[in-house]
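S.K.: As a plain string of letters, each chain reads:
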Amino acid sequence: MNPGRWLALAALTLLLAACQHDPALNFPPGAQVLHLASQDDVPTLDPAAGYDTASWSFEQALFDTLVRYADGSIALKPDLATSWESSPDATHFTFHLRHDARFSNGRVVTSGDLKYSLQRVLTPATRSKGIEYYRNILGAEDYIAGRANDVRGIATPDPYTISFTLRAPDPIFIHKLCMPFAAAVPREAVQRWGDDFSSHPVGSGAFELKQWRRGQYLVLTRNPYYFVRGQPRLDAVVERVGVNEELEWLQYRAGEVDVAGIPSADFPAVIKDPRLAPLILKIVSAATDYLGLNCQMAPLTDVRVRRAFNYAIDKRKLLALLNGRGVIAHDVLPPGLPGYDPDLAGYPYDPARARHLLAAAGVKAGFAPELWMRADQTMLLLGESIQQDLALVGINVRLKPVAWGPLLEAVRQPSTVALSLLGWEADFPDPENFLNVLFSKAQWGSNNDTFYYNPEVDRLMAQAAPLADLHQRLALYKQAEKLIVADAPWVFLYHPVTYVIRQPWVHGWVLNPMRPTRFEKVWISAH
Amino acid sequence: MKASGSTMELIGAVMVGTIALVAVAAPWLAPHNPTAAVATSFGAPAPPSRAFPFGTDELGRDVLSRIIWGARISLTVGLAGMVMTMTIGVAIGLCAGLFGGTVDFVLMRFTDVMLTLPGLLLAMALVAVLTPSLLTILIVIGLVSWTQVARVVRAEALSIRQRDFVVAAVMLGASSWRLLTRHLLPNTMPLIVVMAALATSGTLLLDAGLSFLGLGVPPPTPSWGRMIDEAQLYLRTAPWLAAFPGLAILYAVLGFNFLGYGYLRRQGR
Amino acid sequence: MLSYLIRRLSFGVAVLLGTSLITFAIAFVVPADPAVTIAGAKADPQTLALIRAQLGLDRPIYIQYARYLDRLLHGDLGRSYIMRENVGHLIATRFPATAVLALCAMVLSLLIGLAMGMMAAAHRDRALDNALLVFALTLVSFPVFWLGLMLLMVGGLYLRSFPLGGFSGPKSLLLPTLTLALGSGGYYSRILHTSMGEAMGQDYIRTALGKGLSRRQAMFRHGLVNALLPLVTLAGLDLAGLLSGVVLTETVFDWPGIGRLAFEAIFNLDIPLIMGTVLFSAALIVVGNLLVDLLYLWLDPRIRLTT
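Protein chains in written order, with our numbering: chain R, 1 to 527; chain S, 1 to 269; chain E, 1 to 307.
Since the hints were made in silico from the structure, they are not lab data.
Keep in mind it's a predicted model, so treat the numbers as computed, not measured.
Check before you lean on any hint, since a few could be wrong.
Cross-link-like lysine to aspartate or glutamate pairs, in silico, DMTMM-like; alpha carbons within 20 Å at most [claimed, not checked]: (1) Lys441/R / Asp302/R; (2) Lys171/E / Glu256/R; (3) Lys176/R / Asp302/R; (4) Lys521/R / Asp235/R; (5) Lys210/R / Asp33/E; (6) Lys210/R / Glu409/R.
For reference, chain R alone in the conformation it holds in the complex (with noise of 0.2 Å):
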């Protein structure tokens, strides 16, 4: 892109911004369009590289992938596949696809075309942040490595048949076949378009991209050659970018947004409204905050000074901070998650035996650890209320907030992080996406980041992965997690609850535990 053409991109962008109104939000009297608003723009639309609720968000309205999961769920049910088989050692998952899935340049999706976005998601160049889930497919290292110009492991006998070969058995490779990385994108467009096909994605999904004007908005209309009869209801799905938590709640409001969250302010007064509260939806999200206490750094070595912090840390503070918008945690997985443990009671606030067993463990006066944490505004007001309650316990710890970069390679270095104030969402629906990945030794510098070991539980853990059994994997995973809780590696805080206010009109908006609001279903009413 030479200067000359930013220049004249620059001059159209001026000429169009003094227009009031564009003509892209123009829709046909009596057209169903889902207004939607946020604060910052949609990060990407490609489906390689989008790994956050916004651009999942859209993605899935543009791509389809072979497996999804059904609303409000975590069922796994057909999407461009129509039936699957997988062996019982978990290594071998053989796909049939459906015939008549169409891309919306018109062409049809084929097992070649799922290969071919596996493939891009693999290929270094790429960035995909999703390369990791991949990984274990025969002949992916090398393919990586540029030793190979191909994935062995991926066959397409037949263009309506797929099937993967793993190195290790992994019961839950088909959940990483439904995250969006995994969605077909057609070869063409992406040759054609290269790093930008994110402005000009082309998808088999129910929806395709009618414009895309960054920093204002986004306008997704319907593909004419989805699959599903019917579907999707809506004619377009609008989303104005740039307006802030305040303006979106004013423009809900003011019938201007169709769902919207609420902000922090009202949402005392939003709940008791009996007008409002009905058309509040909210879902436990999966996901676990927490305060990561650094086990190799003294004195938090002593699982006596662990338990200490859990004791003394009022929950209920954090929650009220929070408006409520969470459920406090007793354990690391969170509820709705399989291998959930509704008994594991956890530690109750109790600063007087917080001071005792800090006593106990020897811990000095001066004692003055480093909290870090992202440099947000809910981060900063959560870690000042740690900060108060530590304080009473004679801890006076010194907030570090950073940015998310620096944030994430600071706690991955074993001795310079002593406190962290983390969150993990699960990506899958199993225990393994959060104990495996959070606390054996072999995610130690990467996502083990309390640096915490006990052979006993990398043993259970060992033991249960490989594990296609459901009860076993689960029995096992259970006792691991107990025995996690009891060594307190982090404190656990709280799972996010997700609150969200839709008006009369729209219906079948539903909340899904693993994945943001599918618009497929959505359809509003006369108003």
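Take the given structure of chain R and dock chains S and E to it, following the hints.
M.R.: Relative to chain R, chains S and E alone:
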């Protein structure tokens, strides 16, 4: 009504004096601990009341106490930042004015390059890179604000250099150091004093801006700019949270501005 | 005159080069590992190493700078780590909003400065003059973001007459423009006041008065024109200050301009975007200074003759 110059200076001095007093006497003046939760309710701000004249914030902290303690940080950053700014600016300005020629050229080109970088953006980038702490903020503010001072001091130094007594000193073989310390510095001192006052108002505003953007002194140290940032969420339901710290900043900056402009006015400029 | 132009242009280019060096240096000192920023929280060490090699982060500094300069000369400002978009593209689409805001603010602040400055000059040394001085100082002492928030609160929340942020047409332009213009206006009014004072003390004014012009007429017909010059040039040179104010104003009003883009970039430590926006603002300022110099040249014949 030329007397207004000294009136203004006086008012400015009184304003700055009160802030300094509040800052120094904070531990005795503040009714509550500024970082502890003292309000009866937690999670939502409470309006001004008999017990808490400026209200309390969402973490249950007394706003009045935070404003009083905030004076410490503001004044510290403002004054220390000003010292840094003045040191660099005066040094560069005097050297450029005294030595002229290549030295002047190089220094002024460097100043020009610094001038093309918007101060706030540069400060933001530096703080983000170096992670916020009291020391970093001071240094960054100083590094970003010296250009104006350098230019003005240089102009003054140039004009003084032409004066007879300086020319005489040069002819008598005075060394550069002597010229600098015995002739230039004392004669530019009035200007430097005024610039110091005005520079402080600038550093105060810069610090407030950085704190507002989340790049100031980290919590729980009360900082007026950050208090305003935290108050944004509650602008509709608790406007006093943003109003009071803003008034405090306005008061402090205005005080230094009155001091500086009042002096200028008195000199007839 | 031509040689003067060439000198100024080459000087501008040299300054930009220096700026690019400084921005590059800052980006280099950034503690964040770009690979982690790109690859995200759950990436494993192999992927990170791959990305680092791709970006050329393992090469020595001067090579990286050379490559950066090379790409720059071809108009490639790189790709944002977070948004994956071409940085030049991002800046081009966001710049118009800032340009509109900055232009309106500049015009309004000059008007405010003129009005206040003239009023003060007309009643020099009387009560109004002092009152205006205090008023101007107060305007200059407001923290820009706080002024914006207060205006937003009054205009958007209480009066409900203005939109609560965002760029949606002329009405949404008013509050942000006012926020920026009040402070600058106060500043300009003082400059005008001073330069008016100097202009009115000149001999040609005395001649004009001698010829029978009233003080008022002399002021407007001669004094103002000559006082305007330093004001306009100073306004032009104040671009850097304007851009700083723009960053804060855009944050308060959710204005989709490059000020907010720069802030988001810095917050996310999105290095290519940071470098792009800082370099772009520097370029704007250099161009602005050049234009001001040319304007000065055209308006003041004395300069033309000496160059």
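S.K.: Hint by hint, say whether it matches the structure.
M.R.: Status of the hints after comparison with the structure:
1. Lys441/R / Asp302/R: Measuring from Cα to Cα gives roughly 18 Å; hence the hint holds.
2. Lys171/E / Glu256/R: With a Cα-Cα distance of about 18 Å, the restraint between Lys171/E and Glu256/R holds, given a limit of 20 Å.
3. Lys176/R / Asp302/R: With Cα atoms ~37 Å apart, Lys176/R and Asp302/R exceed 20 Å; violated.
4. Lys521/R / Asp235/R: holds (12 Å)
5. Lys210/R / Asp33/E: The hint is violated at about 36 Å.
6. Lys210/R / Glu409/R: violated (38 Å)
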